[in-house]
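As given, the protein sequences belong to chains A and B, one line each in that order. Each step along the first sequence adds one to the number in full-length UniProt numbering, with nothing skipped, and position 52 is 52. Each step along the second sequence adds one to the number in full-length UniProt numbering, with nothing skipped, and position 101 is 101.
These are computed hints drawn from the structure, not numbers from a lab. A hint or two may mislead.
Mimicking BS3-like on lysine-lysine, the simulated pairs with C-alpha atoms at most 30 angstroms apart in a straight line are [as the list claims (entries may be wrong)]:
hint : chain 1 : residue 1 : chain 2 : residue 2
1    : B       : Lys307    : A       : Lys315
2    : A       : Lys191    : B       : Lys305
3    : B       : Lys178    : A       : Lys190
4    : B       : Lys305    : A       : Lys190
5    : A       : Lys311    : B       : Lys301
6    : A       : Lys311    : B       : Lys381
7    : A       : Lys191    : B       : Lys183
8    : B       : Lys377    : A       : Lys190
9    : A       : Lys309    : B       : Lys178
10   : B       : Lys377    : A       : Lys315
11   : A       : Lys111    : B       : Lys186
12   : A       : Lys301    : B       : Lys377
13   : B       : Lys183    : A       : Lys174
14   : B       : Lys186    : A       : Lys127
15   : B       : Lys381    : A       : Lys174
16   : A       : Lys311    : B       : Lys178
17   : A       : Lys191    : B       : Lys377
18   : A       : Lys174    : B       : Lys178
19   : B       : Lys381    : A       : Lys309
20   : A       : Lys111    : B       : Lys183
21   : A       : Lys297    : B       : Lys381
22   : A       : Lys191    : B       : Lys178
23   : A       : Lys127    : B       : Lys183
24   : A       : Lys165    : B       : Lys186
25   : B       : Lys301    : A       : Lys315
26   : B       : Lys186    : A       : Lys311
27   : B       : Lys377    : A       : Lys309
28   : B       : Lys178    : A       : Lys315
29   : B       : Lys381    : A       : Lys190
30   : B       : Lys186    : A       : Lys174
31   : A       : Lys301    : B       : Lys381
32   : A       : Lys315    : B       : Lys186
33   : B       : Lys307    : A       : Lys174
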Amino acid sequence: MFQTYEEIKRWRHDTMPSVADDHFQLNAFHDQVMYQTVGIAKTKVESEQGTTPAPFAFFLMGSAGRFEQSVWSDQDHGIVFDGVDQKYFLKLGEEISHGLAIVGYELCEGKVMASNSLWCQSVDSFKEQIVGWLEEASWQSLRNFSILFDSRVLNGDEELLLQLKREAFSVLEKEPHLYARLMENFEFIKKGVGVFGQLLPEQRQGMKGEIHLKETAYFPYVNAIRILALRNGVSAAPTLERLVSLADTHPFVNEYEQDFRKLLDFRLRFRKEATNYEKVHLLPIAQLSKQDKQALKYLIKRGNQLFSKAKSVLKEEGAL
Amino acid sequence: MDATFLMNNLWIIVCTVLVLLMQGGFILLEAGSTRMKNAGHIAGKTVFTVGIVSLVFWAVGYGIIYGEGNAIIGFSDFFYGDASTMGEGLAGSVDFMFQLAFAAIAMTIAFGGFAERAKLIAYVIFAVLFSIVIYPVIAHWIWGAGWLADHGKQDFAGSTVVHLTGAMAALAATMILKPRIGKYNKDGSSNEIAGHNQVFTALGVLLLWVGWFGFNAGSTFGVENAFFGYVALNTQLAAGAGAIGAMLMVWAVTGKADVPTTLNGALAGLVAITASCAFVEPWAAVLIGLIGGAFVFFSMKFFDKKKIDDPIFALSVHGTVGVWGTLSNGLFATPELATVGRPGLFYGGGFEQLGVQLMGVVACGLYAFIVSWIILKVMEKAMGSLRVTEEEEIMGLDISEHGGYGYPENFTSTTKSGA
Numbered sequence: 001m002f003q004t005y006e007e008i009k010r011w012r013h014d015t016m017p018s019v020a021d022d023h024f025q026l027n028a029f030h031d032q033v034m035y036q037t038v039g040i041a042k043t044k045v046e047s048e049q050g051t052t053p054a055p056f057a058f059f060l061m062g063s064a065g066r067f068e069q070s071v072w073s074d075q076d077h078g079i080v081f082d083g084v085d086q087k088y089f090l091k092l093g094e095e096i097s098h099g100l101a102i103v104g105y106e107l108c109e110g111k112v113m114a115s116n117s118l119w120c121q122s123v124d125s126f127k128e129q130i131v132g133w134l135e136e137a138s139w140q141s142l143r144n145f146s147i148l149f150d151s152r153v154l155n156g157d158e159e160l161l162l163q164l165k166r167e168a169f170s171v172l173e174k175e176p177h178l179y180a181r182l183m184e185n186f187e188f189i190k191k192g193v194g195v196f197g198q199l200l201p202e203q204r205q206g207m208k209g210e211i212h213l214k215e216t217a218y219f220p221y222v223n224a225i226r227i228l229a230l231r232n233g234v235s236a237a238p239t240l241e242r243l244v245s246l247a248d249t250h251p252f253v254n255e256y257e258q259d260f261r262k263l264l265d266f267r268l269r270f271r272k273e274a275t276n277y278e279k280v281h282l283l284p285i286a287q288l289s290k291q292d293k294q295a296l297k298y299l300i301k302r303g304n305q306l307f308s309k310a311k312s313v314l315k316e317e318g319a320l
Numbered sequence: 001m002d003a004t005f006l007m008n009n010l011w012i013i014v015c016t017v018l019v020l021l022m023q024g025g026f027i028l029l030e031a032g033s034t035r036m037k038n039a040g041h042i043a044g045k046t047v048f049t050v051g052i053v054s055l056v057f058w059a060v061g062y063g064i065i066y067g068e069g070n071a072i073i074g075f076s077d078f079f080y081g082d083a084s085t086m087g088e089g090l091a092g093s094v095d096f097m098f099q100l101a102f103a104a105i106a107m108t109i110a111f112g113g114f115a116e117r118a119k120l121i122a123y124v125i126f127a128v129l130f131s132i133v134i135y136p137v138i139a140h141w142i143w144g145a146g147w148l149a150d151h152g153k154q155d156f157a158g159s160t161v162v163h164l165t166g167a168m169a170a171l172a173a174t175m176i177l178k179p180r181i182g183k184y185n186k187d188g189s190s191n192e193i194a195g196h197n198q199v200f201t202a203l204g205v206l207l208l209w210v211g212w213f214g215f216n217a218g219s220t221f222g223v224e225n226a227f228f229g230y231v232a233l234n235t236q237l238a239a240g241a242g243a244i245g246a247m248l249m250v251w252a253v254t255g256k257a258d259v260p261t262t263l264n265g266a267l268a269g270l271v272a273i274t275a276s277c278a279f280v281e282p283w284a285a286v287l288i289g290l291i292g293g294a295f296v297f298f299s300m301k302f303f304d305k306k307k308i309d310d311p312i313f314a315l316s317v318h319g320t321v322g323v324w325g326t327l328s329n330g331l332f333a334t335p336e337l338a339t340v341g342r343p344g345l346f347y348g349g350g351f352e353q354l355g356v357q358l359m360g361v362v363a364c365g366l367y368a369f370i371v372s373w374i375i376l377k378v379m380e381k382a383m384g385s386l387r388v389t390e391e392e393e394i395m396g397l398d399i400s401e402h403g404g405y406g407y408p409e410n411f412t413s414t415t416k417s418g419a
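Isolated chain A (complex conformation) (with noise of 0.2 angstroms):
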């Protein structure tokens, strides 16, 4: 199939405009390009380094964890294996990495990636990272824990991930009071709408005018089905599938998730053209008509709520 990087790269391009309008489409091609580049990762560093020393799972974190791409994104991933051979997996992490960034994925500015130690790890010290970061229970600890929690294997032994998912229920359900620090690790919401009905656009040199679709509208529903889903146990990472997985035990969940469809649609609509990363997030709103404005209003406004609902059901179980 494809020999290089570059040649993803120029497939990528090509292709994107006749996927980018629509969300499963866009997210199973960008799924296609990173599989590719592992791919070609994977057999360079064997050609220097020798065969995989021991099973292993590539996964993907952040919005492509949870199969929520826009058209741009930057890389969120890491790497769980058997055995102790961390030098080759990290050799391997950085070459997947290297190859994304000319594909066309960002680096990583947290440096959530599997070049890095922190997010490539033997199955044992994995399951010791969560407790510990569990344990520890600071805001930075628990960031981390919930950028691991929304993952999903690309490429490997999808068993390993889910060994760790397991581990980190085990956690929870020992100690229930992390619930609530949890909860406070997602509660920052950005408000969206102002005391007027108006939409609150950023005041920020750079980005005036704009509205930051990522932090008003789309984190409130991620957020609350993501707690949620450490509550039930569900241990798929995109949304959908988790409001899937919920129905059956909050039965409220299915009436947003026609609402966080449209949303991921909207985002799509207005933002296909975006040329960059941090521009895939903004929305200028002279851009939007009346109806526009309202949609995106409404969508803000049920985000909103379906946190509020999620926290409520987190204090009726006695979690909060």
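Take the given structure of chain A and dock chain B to it, following the hints.
Below, chain B without anything else, positioned relative to chain A:
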């Protein structure tokens, strides 16, 4: 018109401006003592809460303090605006302005306990309620026709009324808000969260020092016998002694002359002499300031050990030292100068005045603390939380509460959110 009357009024309006200028001192002191990401917020909230206090003081505060009523509160003269009113040799409006500036200082001290973690809306609501049910009630007790005034409590310029009241509200706030993220470790040890600019802090202290002449010397309410000069002299000596006392103490104990402690020492000297500046001799002013400065160091250590996170040391500077300043009257007030109450212990007055001072401190301190606690707890219940979310606290209140940075060039993007 009588020249003395005009001189009195001119002097007090000048002092009003000096006391108002102390807010500038607080802006620099607080901004310098906190982190860059909160600098704009700290500065901006000081200005708008002075605005809130001004309106509330005009509407009800002044009336509660000086209106006709009973020993607990006054209740006339609301929405003050009688240009012809005269009292204590001052035009009513001049007196009103001077008192307003004091109320605003107490408020700013109280907000020290909110620093770097309270929601903006918590400032707004607490500013209104503090200016109605806390500060004016205590001011009425001591400076109006209240029950402590009847006992002869000596608090010349407000060690108790302004500083202790503000500090006790700050204590309630800082206990309810809990420590800032990263202040204490799991093993109970504490981390220093250093302020971002010691030069600002030093300038803030100097501005406060200068403004304090309006605060103390202005509390003479007139120019008669130029007594304000004597009050200013005592103020200057105590401030100087406070800085020296604190610096010597921190140097002796830690081996380093820590700058923030030294600066707090100067403020401690000023707070300590505030109650007694008109009642004691200069040598006593030096001693009162020196002890205040030494106290502030130990008090800072004490609160830190007790895991009470006090980012700008309001509890120590205004609370602990406010108590010391008030009690010092009971020790050092001279028979000639004690125009209110009785001489102190060292001047043959026995324990009587010390007892009155102690009663005032306990009553006012408890009232300010308990009522602040209740108000803040009710607010917390109604608002869900008084504190910003962890994410907002980490990104800083400049951006989370105001949408822009005090130092824009230093911040290009918010924290990595991980998704």
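So which of the earlier hints does this model not fit?
Hints 2, 4, 5, 25 not satisfied by this model.
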